[in-house]
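Undergrad: Based on the sequences and whatever the hints tell you, model everything.
Note that the protein sequences, when read in sequence, are chains A and B.
Under full-length UniProt numbering, think of the first position of the first sequence as 1, with each following residue one higher.
Under full-length UniProt numbering, think of the first position of the second sequence as 1, with each following residue one higher.
FYI, nobody ran anything at the bench for these hints, they're computed from the structure.
From the three backbone atoms N, C-alpha and C, an ideal C-beta is built for every residue, glycine too.
Please note: incorrect hints may appear among the correct ones.
[Said to hold, decoys possible] Derived DEER-like restraints, expressed as beta-carbon distance ranges:
#1 A/Asp276 - B/Ser155: 24 to 30 Å
#2 A/Ser259 - B/Gln144: 23 to 29 Å
#3 A/Ser271 - B/Ala67: 49 to 55 Å
#4 B/Ser106 - A/Gln332: 41 to 47 Å
#5 A/Asp13 - B/Asn65: 45 to 51 Å
#6 A/Ser142 - B/Ser155: 19 to 25 Å
#7 B/His40 - A/Thr388: 22 to 28 Å
#8 A/Pro270 - B/Leu107: 44 to 50 Å
#9 A/Glu159 - B/Ser106: 49 to 55 Å
#10 B/Lys59 - A/Asp379: 28 to 34 Å
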Amino acid sequence: MPFDNAFSELLRDAADLAPDTPGDVLADAGERLGRSRVLRRRAATAAGACAALALAGLFSVAIQPGGVTAPAASRPRTNPAITGQFMIDTLTSLLPPGRIDDTYGEGSSAPQGGPMAHVAYDDGHGASAITLSTDWVALPISAGTQGTQCPDPTERPTEGCTRTVGTDGSILVIEKFKPEPGGGPTSTWTAIWTGPDGRRVRLDEMNSRTAGPPLTRAEPALSADQLAAVVSSPAWNPVFEVFTTSTNTPASPQLPLPSAILSTADSLLPSGIQRDHGSAPQTTPGMAHLTVTVDGRTSLLSISVTPHWMKDHNPRSLFNNLATGQQLTHTQNGADVITSTYGTTKSSPTPPVRWLADALLPDGTRVSISENNGTTGYDAQPGTPALTLDQLTTLATAPAWQQ
Amino acid sequence: MKHPSTSPGPAQPPDFREFAASRGRHLLRTAYLLTGGDAHLAEDLVQEALGRIYGRWRKIARLGNPAGYAQTVLVNTFLSHRRRRASSERVTDTFDEVAVSDPDPSLRLTLLRALSALPPQDRAVLVLRFWEDRSVEETAAALQLSASGVRSRSSRALERIRAVLGDQLDEFVRH
Chain A
1 MPFDNAFSEL LRDAADLAPD TPGDVLADAG ERLGRSRVLR RRAATAAGAC
51 AALALAGLFS VAIQPGGVTA PAASRPRTNP AITGQFMIDT LTSLLPPGRI
101 DDTYGEGSSA PQGGPMAHVA YDDGHGASAI TLSTDWVALP ISAGTQGTQC
151 PDPTERPTEG CTRTVGTDGS ILVIEKFKPE PGGGPTSTWT AIWTGPDGRR
201 VRLDEMNSRT AGPPLTRAEP ALSADQLAAV VSSPAWNPVF EVFTTSTNTP
251 ASPQLPLPSA ILSTADSLLP SGIQRDHGSA PQTTPGMAHL TVTVDGRTSL
301 LSISVTPHWM KDHNPRSLFN NLATGQQLTH TQNGADVITS TYGTTKSSPT
351 PPVRWLADAL LPDGTRVSIS ENNGTTGYDA QPGTPALTLD QLTTLATAPA
401 WQQ
Chain B
1 MKHPSTSPGP AQPPDFREFA ASRGRHLLRT AYLLTGGDAH LAEDLVQEAL
51 GRIYGRWRKI ARLGNPAGYA QTVLVNTFLS HRRRRASSER VTDTFDEVAV
101 SDPDPSLRLT LLRALSALPP QDRAVLVLRF WEDRSVEETA AALQLSASGV
151 RSRSSRALER IRAVLGDQLD EFVRH
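TA: Quick look at the structure:
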């Protein structure tokens, strides 16, 4: 049994241990909590944050053993100044004049969730779903810190992206994503502002009211400049005075830069093979991609290089375990390599659209090279790829990847 | 306890109670995996997720796949909860070897412990991919990650699960 299938089966076994709470009881509890949220929202709008806090205590529910719902004590609230309503009001105050509805917010003292606000904003030309969220990112901020670089257009259809570094060291990235093939029809524009101390404000807006069909307008409502003004506003400062959670880990400094990976790949590819690094800068440490063309067939190679992979945990044994159900080969130069093919989805393994050579080199460097037809990673198509699986294997197991 | 549905026929979208009652247990099983086997927290999360869905039900009911939407709300509720908890807990990114010699003979209990040792987002990736059977792209969309991010998290998390389950897994795979 391949490991993926075995793991799915194990999950089903484990899920059988879940409590057997009747669906009606869960529905009851969800409805009560949902009603309390609606009342809280209305109360906060009508009478301010104080009313919301009082109602929150009244309507919290918990499931008791045996399936009976009963009131439960509300969790302590750390700072009543940062409420969901504060987040909604602050977001609204930063938007140009327009109609606001479908509001929802969570403050720093909500039982679950971070400070965020969601509104539907209509400037008179159709509603946009707008979600603003806050977070901290781990220091030091580096090229590998997620959200501080423009996304790679080979991974996701992108209409445009700008990255601006402020004089104070803050980084503003504004991304305009197009709908993905086979995905929903909405376009998403995202602005991510990261302060030098790690605070982050992010805004996502869509050209629909509900983040799905029907579309309400050709593009989301706020322009790039308007997005920038909202996420970089000092109006969010009070949020970070009370919200101090960081959930991210710093980027690993050991990973090779994309330029180094591309340089090695270039030196290893046979001279007759046409290659293209693409025009967009590649910034994610440890990863790089290029297209190769052979006899008119163009494929994307996505390369991941991890020096000292799992070095403290018997990497050779771990790697060999990965090969269950797949082809594992030991090369003469001491590398282990797993080769495999994948279909468009997990449940459709054929026809193959992705070919993978995954190698663990003698010095512990792991090199994974994935190949798919075309020039992007999100629209893989079946057909004969530019490089054979054997060629991918030769590439992945080359000693030149070792540091 | 079930309330009569207000839906006049099967062509109409279900009402909230009908939907929550029919999907609640599946959501609870998902939450149980996400929490690494914490039954009480799983119930809290399902309750919270259904509460969030209640307020937007009229819109959600018109979506093509409200069940899938509910699963995504649940996963995001879980991740939000973990972010809240992270101020008092340190989510370790180091390898957990404790369970390798765990004497508990039950493979599924060991799996739950292995899940609970993973970073929350890695857990969410595994649950969406291998319990919900979502594609890499669908998982990426639900978690606002890139497809390559989902692949790398999935690969890393599976390696850790393998390492924790050790020989027990090999035994299971052979059957």
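Undergrad: Now tell me if each hint is right for this structure.
TA: Outcome of the hint check:
no.: 1; hint: A/Asp276 - B/Ser155: 24 to 30 Å; in the structure: 27 Å, holds
no.: 2; hint: A/Ser259 - B/Gln144: 23 to 29 Å; in the structure: 28 Å, holds
no.: 3; hint: A/Ser271 - B/Ala67: 49 to 55 Å; in the structure: 54 Å, holds
no.: 4; hint: B/Ser106 - A/Gln332: 41 to 47 Å; in the structure: 43 Å, holds
no.: 5; hint: A/Asp13 - B/Asn65: 45 to 51 Å; in the structure: 26 Å, violated
no.: 6; hint: A/Ser142 - B/Ser155: 19 to 25 Å; in the structure: 22 Å, holds
no.: 7; hint: B/His40 - A/Thr388: 22 to 28 Å; in the structure: 53 Å, violated
no.: 8; hint: A/Pro270 - B/Leu107: 44 to 50 Å; in the structure: 47 Å, holds
no.: 9; hint: A/Glu159 - B/Ser106: 49 to 55 Å; in the structure: 51 Å, holds
no.: 10; hint: B/Lys59 - A/Asp379: 28 to 34 Å; in the structure: 30 Å, holds
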